[in-house]
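In this note's numbering, the protein residues as written are 21 to 285.
Take these hints with a grain of salt, some might be off.
[Unchecked claim] Restraint-style ranges between C-beta atoms, simulated for each label pair:
#1 Lys57 - Thr190: 23 to 33 Å
#2 Gln227 - Glu192: 41 to 51 Å
#3 Thr190 - Glu269: 40 to 50 Å
#4 Leu204 - Glu97: 36 to 46 Å
#5 Asp52 - Glu285: 12 to 22 Å
#6 Glu82 - Asp229: 36 to 46 Å
#7 Glu284 - Leu48: 42 to 52 Å
[To be verified] With a straight-line Cα cutoff of 25 Å, these simulated DSS-like cross-link-like pairs (lysine-lysine) come out:
#8 Lys162 - Lys108
#9 Lys222 - Lys162
#10 Lys162 - Lys75
#11 Lys137 - Lys162
#12 Lys135 - Lys210
#13 Lys207 - Lys222
#14 Lys171 - Lys187
#15 Lys80 - Lys55
#16 Lys75 - Lys171
#17 Lys75 - Lys59
#18 Lys222 - Lys154
#19 Lys250 - Lys222
#20 Lys137 - Lys171
#21 Lys265 - Lys108
Hints in this document: simulated from the structure, not taken from any laboratory.
The beta carbon of each residue, even a glycine, is placed where N, CA and C say it ideally should be.
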Amino acid sequence: MKKKIALMLAMVIMVVTLAGCTSNSETLSVVDSIKSKGKIVLGTAADYPPYEFHKEIDGKDEIVGFDIEIAKEIAKELGVELEIVDMKFEGLLPALVTNDIDFIIAGMVADEDRKEKIDFSIPYYQAQQRMIVKLSDADTLKMPEDFSGLKVGAQKSSIQENIALEKFSTAEYIGLSKITDLVLELKSDKIQGVILVEPVAKAYVNQNDDLYLVDEVLGQEDGVAVAVNKGNEDLVLVINQVLEKLISEGKIDQFIADATALSEE
């Protein structure tokens, strides 16, 4: 009888303990959870200089760029390490929604469709949209109508994809996951133009003597922002505080200048 009572008491204690653990886990905020893990996981698509790109530094492949510098400042504010996950741009949102990553910094515009699925910080940068072509086509491919019957490329699931479909409706749209692949297609004459945000367009033109930045401006983005999963208001608050500080101190402009110079080395 005593053994049965002791067993029942042990089971009650176990249930209460598990219930307490579950309760603590459920009430733990996102920021507290990140701090307890000691790291924050960034999702990005590192083929987008000067935002984020691969660079060999001291013989080691590194992911660098002004977005990465912003991510480092967020990790520093939280007192945790930054882990970077490089993936295809169209895979970023699904990874965020399933909590495989903690946040996205990837030159991502906070458009209405995305806002239905995830939350965003305040905007931290705004740029114009441009087109790059082969230097040999600079005199003939200047306006959207010049691309009628030709092929225009953009990154899948991007704002530039929407521009290609809306403003170049008489051209054939070619969507690829990586900008590096789009540039290779352009250089090999498989497509005749690639739509990119201006800093990225300039970076690729500066790196390739056979490419040209078309004068025509195709629009201005609403502003890129940091993305987090729905319901993570405490993390958004921390990120916004970091961004406001960086903007007020002129640090983001410096990050952009440094990353642009690095991408051109």
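Enumerate the violated hints, using their earlier numbering and listing them in ascending order.
1, 2, 5, 6, 8, 10, 11, 12, 15, 16, 19, 20, 21
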